[in-house]
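Position chains B, C and D against the provided structure of chain A, taking the given hints into account.
Heads up: the sequence lines are chains A, B, C and D, in that order.
This note's numbering puts the first residue of the first sequence at 351, with every later residue one more than the last.
This note's numbering puts the first residue of the second sequence at 351, with every later residue one more than the last.
This note's numbering puts the first residue of the third sequence at 351, with every later residue one more than the last.
This note's numbering puts the first residue of the fourth sequence at 351, with every later residue one more than the last.
Hints were generated in silico from the structure; no laboratory data involved.
Mixed in with the good hints, there may be bad ones.
Since copy identity is lost for identical chains, a pair holds within one copy or between any two.
Okay, derived cross-link-like pairs now, BS3-like style, lysine-lysine, Cα gap no bigger than 30 Å in a straight line [claimed, not checked]:
#1 K354 x K494
#2 K394 x K625
#3 K397 x K485
#4 K642 x K397
#5 K666 x K573
These are the residues of each chain, in order.
Protein chains: 4
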Amino acid sequence: MSNKRKVAILGATGAVGQRYIQLLQGHPWFQIEVLAASERSAGKKFKDACNWIMETNLPKEIAEMPVVNADVESVEKAGDVDLVFSSLPGDLAGPVESEFAAMYPVFSKASAHRMEKDVPLIIPEINPDHAELVKLQQKARGWKGFITTDPNCSTIQLAITLKPLMQFGLRNVVVTTMQALSGAGYPGVASLDIIDNVIPFISGEEEKMEAEALKILGNFNGKVVENADFMLSASCNRVHVKDGHLESVFIQLNQDPSLDEIEAAFAKFKGEPQKLKLPSAPENPIVVRHEKNRPQPRFDRDTGCGMSVVVGRIRKDRIMTFKYTCLGHNTVRGGAGAGILSAELFVAKGLA
Amino acid sequence: MSNKRKVAILGATGAVGQRYIQLLQGHPWFQIEVLAASERSAGKKFKDACNWIMETNLPKEIAEMPVVNADVESVEKAGDVDLVFSSLPGDLAGPVESEFAAMYPVFSKASAHRMEKDVPLIIPEINPDHAELVKLQQKARGWKGFITTDPNCSTIQLAITLKPLMQFGLRNVVVTTMQALSGAGYPGVASLDIIDNVIPFISGEEEKMEAEALKILGNFNGKVVENADFMLSASCNRVHVKDGHLESVFIQLNQDPSLDEIEAAFAKFKGEPQKLKLPSAPENPIVVRHEKNRPQPRFDRDTGCGMSVVVGRIRKDRIMTFKYTCLGHNTVRGGAGAGILSAELFVAKGLA
Amino acid sequence: MSNKRKVAILGATGAVGQRYIQLLQGHPWFQIEVLAASERSAGKKFKDACNWIMETNLPKEIAEMPVVNADVESVEKAGDVDLVFSSLPGDLAGPVESEFAAMYPVFSKASAHRMEKDVPLIIPEINPDHAELVKLQQKARGWKGFITTDPNCSTIQLAITLKPLMQFGLRNVVVTTMQALSGAGYPGVASLDIIDNVIPFISGEEEKMEAEALKILGNFNGKVVENADFMLSASCNRVHVKDGHLESVFIQLNQDPSLDEIEAAFAKFKGEPQKLKLPSAPENPIVVRHEKNRPQPRFDRDTGCGMSVVVGRIRKDRIMTFKYTCLGHNTVRGGAGAGILSAELFVAKGLA
Amino acid sequence: MSNKRKVAILGATGAVGQRYIQLLQGHPWFQIEVLAASERSAGKKFKDACNWIMETNLPKEIAEMPVVNADVESVEKAGDVDLVFSSLPGDLAGPVESEFAAMYPVFSKASAHRMEKDVPLIIPEINPDHAELVKLQQKARGWKGFITTDPNCSTIQLAITLKPLMQFGLRNVVVTTMQALSGAGYPGVASLDIIDNVIPFISGEEEKMEAEALKILGNFNGKVVENADFMLSASCNRVHVKDGHLESVFIQLNQDPSLDEIEAAFAKFKGEPQKLKLPSAPENPIVVRHEKNRPQPRFDRDTGCGMSVVVGRIRKDRIMTFKYTCLGHNTVRGGAGAGILSAELFVAKGLA
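Only chain A is shown next, with the shape it has when bound in the complex (with noise of 0.2 Å):
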């Protein structure tokens, strides 16, 4: 058990703390050594300060562990930690996270850093090369640390699916979203809201969205991350689901592959993650359906433990090339499993 990293959680009493929580119960390579959150909560024990809405029920130690302010003082003098799991809201994230930066190393949910030069935003079976970029980050911060991000929930699915479309050439692509309700935290959207009702707006998503994926997809020259060389634009609405987020998805190409080819493309698509066997990295990153009607939230959300995209209905486009659906976990995928493999990846490379 002993020769676990120690990890500490920042804003460890939110939907996607909680998950993060979760999640890392019985994980191989990290154990939780610190909980901290907003001062509203530090000083209380994690079940007094957390209202828990996971499904599974709240582990005992958790529980009667403290939870402490989400600053380097407080979270050293609460334990040795050797990385830390940010998913702190957008507003607080930014110097905060910032100030472990320059001592830790940071796994960061939220889009304060996105989109800095040298800050990766990382998908591990996507860029892993990207990680690199926390050396050139460190020597010019200044910092022992660093801070690597993950996309946007949204982003991070849809993104999965676009990586073996790359061979073909991809030009545009036009996605309308129907996101969880897990997506926007705990308490989030009010139930008055959204009984008998579609929300046709989240704010800010459509742009993390569009600019998110070309850098996600993007080539690391070493120095700096080169956009990718397409166009995203992107619908989003928020549906009457608790946890996963779908995706109808038009695609452009320069080539005109079959809809065998592509499927083909999808679903033999691996990773780094795959080929490094990390522990939550699931079997396929895109699993394929066939059926008609799939995929759909309920049903397909936990393939892969929650860490796989399924795909289906992959059709030809009388406009675009093709089109199809896409289905993720937000909370898991898209969520603190994004941040946990992201972990796992870089301790594999020697980089944390």
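For chains B, C and D alone, kept in the frame of chain A given last:
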């Protein structure tokens, strides 16, 4: 009362049939004379044959009316009829509607005859001139009556928003729908299929949208309808909403109008029903909302008594020319309301 | 217009406050003069201070009205006011309502003053004579105005059905509620808490029901209200419904009336508001339905414009005397409609 | 593998049938040999006959199995069978189960035979001795096999909580249920009936609960089961929840135990399945939760792999003795899990 036209409703016990009954209460031009349905219902009182699912109470005089079988002989025995609304299921509608059309004007919500060359596919605000097709139809088929059809519910609301865009050179339309449960009729979608879920497939819906829009917006040259010269691609989803289809639309135009010009085109759009002041015509076929998170099904579906299409989130697009969200009440503007408005148009034009 | 009474609404931006605004549109006796809310909203236009959650549009003249702070000085500066509706949150309501009551008739939906000895707890159909308590209150407290209160939403609908049962010797009432989301205000219940779920707890609700019903149905002897002589036990649950509380009720009577007698007692029940033809009085306080599966929230909550309680499933019981199901619109009959009807009663009786 | 008992599932394509298949995967004592269903499905592969609605994937070897007609001849032609699980619809179950019982032990989830004098109505933790009734049944009917039945889903979870209360002199039980959608089978409840709604009626459910509980908790004197000496009254409602029936229970006892004594009685309760360590027996038949707002369907239905009943909100009552809320997974403990546990009991006792 007595010089109202007497109507028969075929498929009166179904979801759209019930909406016909509801909307025809107190109608100034039409009164319900005969209720017809399948053999299973024939011979019963309406209240015993029908599981009434409207939120308004079943009108007492309708409750006691007999249901007759949906064939000409049974309907004629039950009462004198001037015109016929049909909301029969697709598989029955074809031959039954033809039988009635030999004698009566038939306004059909079914898809059976929509794409036939001499059958109008009418949205009164868009293509009232297509109504003239019924004269050719009568001549060719030797009928005293005729069949005219209403488009698919998700097509209607979209087509209404496309009409004012034609002036800018409409080239491509990419649309993802989030459609309401009532669109599947009753009992329709099982609750176990849709709770905490989205179903990314509606049988035949994408094909209907892609074909019908071109006919509706096409040009009637006095002989045939020439398809409009744009392309449409759809991805259709069922969401957990009772009424009101929401659609995320991406539009490519030949011209590059400003957002103000586009909005003005939507807001100012009026058609023949508004000029003729037809009883069911909304004051504005399209209502533009400026809130960043509208239209929403629960809040906007009853705009214009369910006959207006609500448009919002008009914004520039990086791939297409611009994008927006539209919403329509699928069983009013997209259902029985479409049939009634169409019948009003035919009456006003002296065609029925 | 001009001899309408001018009203202030305290807590105007909340869910019940919005319902007051909606229901007072076009009211023959009252017109909205001042909108007051918490400091956070004060100084803004109503449309900017309020997240309007009614399905009808925010009336334009209301949208532009300023919101003032909910204290006497601010309200008086904003306009001349004849009476005050309060839907302030429970913790604020106590002292603020007292401040206003020194000068104005205050009709309160808050629980703060309900159980005070000299404060009426009114349901106009049940205990209009309790209104006289305000004279004692004014004398005792030296107020020009007074406070009168409306019961808890789940109590109101139940108490209305209990009133006609008093004649049979009401002994025991066991009730389980299934309460709507709007009962928790806005934002209220988080969607993540209620999707695919029931919450078997509503803070303070059971205690309120168990205490308030006895006072409402009690006897005012000219000095105090003597609690009614029966017992009530409640178990309260929150279900996934927007509006309309449903209650399963088991009743023990001293007598053993037939089901027909019970039904007749429900159906014939009328009260003072019906005799006085108060503007908001429903024709029938209780509507009995005979379908085996009614009342249902979505179909029956708007009965009598939301002011009637709907009763169904009246049947003999093997332990108690009989059982039934009742339903009421919690934000109309159980909310703003209760306050308005109460104010109409006071006006008609010359008390306000 | 090979000395597992081979089972046939009658009604295999239905909602409970599918749950049988899911729960029997990897079962140590039973293996699925034959899948039988109605004529409509017979002759197809299971994957083509069945709309699989479990969230886990349809096991591959099951998918390819043929479905045969649910009669003895067809089942025997399809394979050697040791025992039979029946989840046939109520109207079919009666004669078909009798036909099979002439030869095989039949474990039935249908209501057809439950109240017959020589048919056990078993909950293994409560009345394992009633299993002996099958010997009388075999003698009386001349059968080699037998029929034993599981109670109605809403009865099972309630009866389990009543058993430990018998020691205090159980007199009266008043219960209101809030039942899940899956209790109605598939397709079951139409989404249009339940969205934003509660249905206060489930056909036959109250009668079943009121009759079955007395038999289950009754005394088997070696010849007949004498009904238990208490009374039960139920009011049953359908709510918008996928799985998990919630029940608000009011209990009148002859004695007046403290809440601590009641809680201890719940928490310590164990039965024969726990002593025998039957494979599907939960460690605790009843799990008591202390949070003020639990049990909740979504969070607690999977307790004990869906085989535990969860009790909460235990509190004194002013009319009855005390009240509480209980929850059980209606298609596991209340469905297929009940049948499997019962079969395990019969095997362990040498009766099957």
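Here is what the structure says about each hint:
no.	hint	in the structure
1	K354 x K494	within (20 Å within a copy, 61 Å between copies)
2	K394 x K625	neither (42 Å within a copy, 41 Å between copies)
3	K397 x K485	neither (38 Å within a copy, 51 Å between copies)
4	K642 x K397	between (44 Å within a copy, 14 Å between copies)
5	K666 x K573	neither (39 Å within a copy, 33 Å between copies)
Violated hints, listed in ascending order, are 2, 3, 5; each of the other numbered hints is respected by the structure.
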